[in-house]
Amino acid sequence: SFRNEITPRNFTFRSREFEQMEIEFFCHPETSRDWYQYWRDRRYRWYTELGLSTEKLRLRDHDPDELSHYSTGTADIEYAFPFLPPGSFGELEGIAHRGDFDLRSHMEGKLDPTTRPLEVEKDANGQPKWRGSGKDLSYRDDLTGERFVPHVIEPSAGADRATLAFLCEAYCEDEAPDENGKLQSRVVMRLHPRLAPIKAAVFPLVKKDGMPEVARELYRDLKRDFNVFYDEKGAVGRRYRRQDEAGTPYCITVDGQTLQDQTVTIRDRDSLEQSRVKVTEVAQIIRERMR
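Heads up: the sequence shown is residues 71 to 361, going by our numbering.
Honestly, the hints are just simulated from the structure, not real lab data.
Only a predicted model underlies this, so the values are computations on that prediction, with no experimental measurement involved.
Treat the hints with caution; some may be incorrect.
To be verified - Keeping only pairs whose Cα atoms sit at most 20 angstroms apart, straight-line, the calculated DMTMM-like set for lysine to aspartate or glutamate is: (1) 277 <-> 249; (2) 348 <-> 291; (3) 303 <-> 279; (4) 278 <-> 295; (5) 348 <-> 331; (6) 303 <-> 351.
What the hints assert, rightly or not - Label pairs and their in silico Cβ distance ranges: (7) 290 <-> 175: 48 to 56 angstroms; (8) 209 <-> 124: 34 to 42 angstroms; (9) 355 <-> 96: 38 to 46 angstroms.
The C-beta atom is built at its ideal place from N, Cα and C for all residues, glycine as well.
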């Protein structure tokens, strides 16, 4: 999408070109309020389920004087971006109950309130009076025989702003032990596993004794289902740090014990806990943790 933005600022938060995500949900007029409430709440949960804190996220209903002329209800999902003044929120998404405005505008006609057939207003020459299609866009329910103009519920979100919010929420600085057990500062992106660009990284503990061969084989197997990364450069602690900064949720290490019993360690990015599992179970474990 494009807009005539006079003052682009704050990275991708306000720009002249941006990615848009929209749903046009058509429903019966009598159930449209229920569907509006459903999409209002469901879209809010989408953000929280993917990691945004409820303390920084809010769902704000528009006051009557804020509503567009076509809207019977609108709610904004807003996030407290760190670059905004304290207590301020920036819009992520709007959910609008647009009524039958969209289809009526396409038809450029009107519905008789009693019989409800389409009546396209025509000029003196018998042509449609308004610049619409003049086509009947009402819907007939095959079960009841009822004909009606559907109402539209429209969730509309900025993909760039959502991505920016997830990145702001995920960025963290803390301490983690290195390979010698000494605490070192680290930067970590605590992205939800479903959002992380790399789902897992595979390391051989050392570049000898057959470990790289086993690690590469595991990497090839996992690559069939996930976006994974292979790294054998530097100390394993430094490799962990690189993946922490990239937001990779799981690091899998092939070590000497792997050669004996076909098990590997899986390190969790956030808890730093390491568990030992069989090589054949790694893919399923990652799949389950991504839910």
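Checked hints:
1. As the CA atoms of residue 277 and residue 249 are separated by approximately 16 angstroms, the hinted pair is consistent with the 20 angstroms bound.
2. With a C-alpha separation of about 14 angstroms, the suggested pairing of residue 348 with residue 291 holds against the 20 angstroms cut-off.
3. The straight-line distance between the Cα atoms of residue 303 and residue 279 is roughly 16 angstroms, inside the 20 angstroms bound, and the hint therefore holds.
4. Proposed proximity of residue 278 and residue 295 is contradicted: the alpha carbons are some 27 angstroms apart, above 20 angstroms.
5. For the proposed pair residue 348 and residue 331, the alpha carbon gap of about 8 angstroms is at most 20 angstroms, so the pair holds.
6. A C-alpha spacing of about 26 angstroms is found between residue 303 and residue 351, which places the hinted pair above 20 angstroms, so the restraint is violated.
7. The hinted window of 48 to 56 angstroms between residue 290 and residue 175 holds, with their beta carbons roughly 54 angstroms apart.
8. Against the hinted window of 34 to 42 angstroms, the Cβ-Cβ separation of residue 209 and residue 124 comes to about 38 angstroms, which satisfies the hint.
9. One distance hint, 38 to 46 angstroms for the beta-carbon pair residue 355 and residue 96, holds here, with the actual separation near 41 angstroms.
Hint compliance for this structure: hints 4 and 6 are broken, all remaining hints hold.
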